[in-house]
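**Student:** Quick note, the sequences are listed as chains C and B, same order.
Heads up: the first sequence begins at -8 in this note's numbering, then just goes up one per residue.
Heads up: the second sequence begins at 149 in this note's numbering, then just goes up one per residue.
The set of hints was computed from the structure by calculation and includes no laboratory data.
Ideal placement from N, C-alpha and C gives every residue a C-beta, glycine not left out.
A couple of the hints might just be wrong.
As the list claims (entries may be wrong) - EDC-like cross-link-like pairs, simulated, lysine to aspartate or glutamate; straight-line CA separation at most 16 Å: (1) B/K365 <-> B/E394; (2) C/K78 <-> C/D98; (3) B/K293 <-> B/E320; (4) C/K516 <-> C/E411; (5) B/K203 <-> C/E579; (6) C/K45 <-> C/E13; (7) C/K295 <-> C/E341; (8) B/K266 <-> C/D596; (9) B/K266 <-> C/D597.
As the list claims (entries may be wrong) - Some chain B residues flagged as far from chain C (calculated, every beta-carbon gap over 12 Å): (10) G231; (11) Q263; (12) S274; (13) A420; (14) V448.
These are the residues of each chain, in order.
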Amino acid sequence: MNDRIARLRDQSFSQTPTLSIERALLETEFYQEHNGKYSIPVMRAQFFNYLCEKKQIYIGDDELIVGERGPRPRAVPTFPELTCHSKEDLQILNQREMAPYRIEEADIQIYAERVVPYWQGRSMRDRIFTEVPDDWQKAYRAGLFTEFMEQRAPGHTALDGSIYHYGMHDYIERIETAIRRLDYQDDGSAADRYEQLKAMKICCQAAITFAQRHALLAREMAVQEQDAQRGQELLEIAQICERIPAYAPSTFHEAIQMYWFVHLGTITELNGWDAMTPGHIDQHLLPFYDKGLVDGTLTRERAKELLACLWIKVNNHPAPPKVGVTAKESGTYNDFTQINLGGVKPDGSEATSELSYLALEVSDELHLLQPQPSVHISSTTPNRFLQKSLEVIRKGYGYPSIFNSDAVVMEQVRVGKSLEDAREGGTSGCIETGAFGKEAYILTGYLNVPKILELTLHDGVDPLTGELVGISTGKPQSFSDFDHFYQAFEKQLNHIIGLKIRVNNYIERMYAKYSPAPFLSVVIKDCITKGKDYYDGGPRYNTNYIQCCGIGTITDSLSAIKTHVFDSGEVSWPELLEALATNFSETEVLRQKLWNRTPFFGNDDDRADELMRRVYQSLFAAIDGKPNTKGTGYHLNMLSTTCHVYFGKMLGATPNGRKAGLPQSDGTSPSHGADRSGPTAVIKSLAKMDQIKSGGTLLNQRFLPDILKTDRSLEKLAALVKTYFRLGGHHIQFNIVDTQTLRKAQAEPDGYRNLLVRVAGYSDYFVNLDRDHQEEIISRTQQETC
Amino acid sequence: MKSGGVVFAIKPFSMHDGPNLRTTVFLKGCPLRCRWCHNPEGLHVDSLVVHDREKCIECGTCLEVCPHGALGSVNLGQNEKLGRCQLCLTCVDACPALARQSTGVQVTVPEVMAQLLKDLPFYEESGGGVTFSGGEPLFQPEFLKALLEGCGNHSIHRAVDTSCFADRRVVESIAEHTDLFMVDLKHMSEEAHQEAVGVGVATIHENIRMLVQMDKKIRLRFPLIPEFNDGDENIRETAAFVEALESVTRIDVLPYHQTGSRKYQKLGLQYAGSDIGIPDQQKITAVVEAFRLRGLEVQVGG
């Protein structure tokens, strides 16, 4: 890391994020004056253009890549049109201990006076909550599922390589062609398409305007600049911003700036989940890298410096904060930009290049919260790449995460994507599979699967509140055998998923009609040719995921019921239900028996793993292929992010001996402490899940640093990963940290500010996690060896 | 007993028992009595029922179920009326907290094979396999041979981690079904060996030479026990022994560690190795260098 990068990194690392009210004020002003003048897509585009013209812009010392969403680094705007923070929300965000966003009291006042009155009742969130049915509300409050689109716009998008070949003028030309081709006689929706295309064109021009303003600023700054070398750099920035994004990039530097402007545009237009992701950046930038090395305009060191500048830019953009209860409880600054490295090219050939290694080096040296790299291992990936990745993992930042790119391709081909599009796809967010640059693959919310079992045990009633939130499927005593009991669980499951989908489809139409994303639509294929928005089925592929949580907890709980209640009959229903109701307070012996004498998921034990397969199949049957509003459908996804902690809080004691309120199992990992047969058994159990039928699974493994000290031990770890992938695994990630270190970090957080740990499909600073999440990580099984 | 034997553990993903990803089967019983032994539960073929105080919740289930009245009170730790214990394992099966455990299990060959085959993909991907350790695996030769044959039928790489203290014919018959031997050179002097380990070293050396003649792959290991075998003379003689074998050019140095001491507590045994110091890095480096000077390849750790 050179001095420039060290300074930029330090600035990005040490600054506490702030909330900027600039965007909200400009938006309120614009809407008050113009609302009603244009169609909704054009209104959105005009506002985007207004922002690009008016918002304060910033070029910092040392910067080579320019552009910020807020007025300065780490300043995060709000999006009141989607979710309007109240005065109290802002105060909590300002004051909370974990992951605060600082905001001046005066700004809170202005916000309360000017922004809140306009958007209250008009924001998407307010409108959604007034429309959803009561039974949905009940289930939502009981913690049966979450709803992704109530606080942020649907997103989870990554780009393909198009923006490195086409500038905004090229996109405008395509849009104009599409407009010319509109057939008003035979296509009843031609007028709608026209409005959408017009909006896209305005957005392209707005992006050019935004860059031109940076060019002007850079020229002004160059004139003032005392340091000749910096003056030269500023001139270079000016030249680049005059060309980019208007025209396609021609150098490595321009290509990175191109991506950054597009990234900024998409995260400024709306606050879509998981920011934006460049996709296979090592593949996209490779031609520019090679060309620069050949013609002598680039060196490896300079390329590394420019990549580091991009990484820091991503880190400058913390996630937009949420509102309501979640504002107090949860918080991560991570906005989940995931960098895919390695994998295969669209033609199926090996894609790992020198740039993949270079990007890995940058991540290693910067070890920032964002972006987080993932490495994609196919059957053709050289061993060296996996080995180098494990060397970074061994340092204990929790990244890179490791994906099986062959599985990722198969998952996509299974749902009908072309082979080439699937190969150009990858994973974004945590572990979500998608066709980069061509797909809206929307996460719709987490599903609390163990909670559905809890409803089944209580005839549809949530025992924590006494409220009927499911359907009546009979008292447990009424089931003659395990299969009948299981069928009742399936009925509850189908009911809850039905509720979830019904409301999702409603929300989806609200976004399509009232909150389109015309700029994002420009860069995602085939929105222009279809003349349709990203939210309205414009992309080539349109997928909705429901993320199913707690497979370990549900499997182990079913296994306990089957083993002790039905098979051996040693535990009676009243005994079990009473123990659950009293949180095992008087029945520790029974709890120990359930916890120690039940076949559990994660031990390569078919008695448990068959139950896991059965639940997985039920989830698949309930979700896969259910229609969304875009003519395609839902798929399941096995991701919990940090929701297993929240879902655990909303869940009483469970039959596997887990006490009330404790976290559920995370992702597709076994329950904490239930995997007692070592990592190979965990992998074998996981491999029994037909992961290709999902849109991603997540397996956490925690190892003690000591056992990975030697290179030979890393080779063994590599073999472990490759075997998992050979057996069809989608993803694996490692925490290499011992309990002692984590306890020390809890005691003296200041000494451990830099300690990154794997939380879910991403790493976070350990000391920034709340206590529940810290304890959850500590309680993960430490894999030792003999 | 041809179809079965006694094991005290089967551990998948063993990182230190031979090349690549392996499962290690620990067979019970050993004719040696090394002071530093870190698997004391493997010394006797007979099992014991032991009690883990940390896990015990004092529920009294074991007292209730014991058909022989062998248990006096819950938390006295040891089997205070051990004389009456018939090893029926009723208490072990009933204990809800897994605090009552047997130090060994009687198993059949098919049972062990089913366990070993579970990790076949890992052996294949990594080039690993199964390691038989102990105790002393040659102490149950028929059982060991049946397992080795079973692995051979599935083309699983087989390693035997042995002291080589056994009848020559036993070693010979096992060698036919073994791909790799891992043998310790604990001390070169007959007397010192006899004193620390309880048996002499001559048989061991003869068996090693025989395995070399049979063209068997052998990994020789040097358990570095401070004050016992780290003297110049012993290092020199150890190196000379290895050199004379011709086909072996490497020695693995295994620095002594005390991880076994907790097991002694659990078993209610005195640990004779508690006064042995853990070799520091300087010591390890000195020994490694001494072997290197004698022309051997050296690796630290197995």
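**Student:** Which hints from the list above does the structure break, by number from lowest to highest?
**Tutor:** 7, 11, 12 and 14
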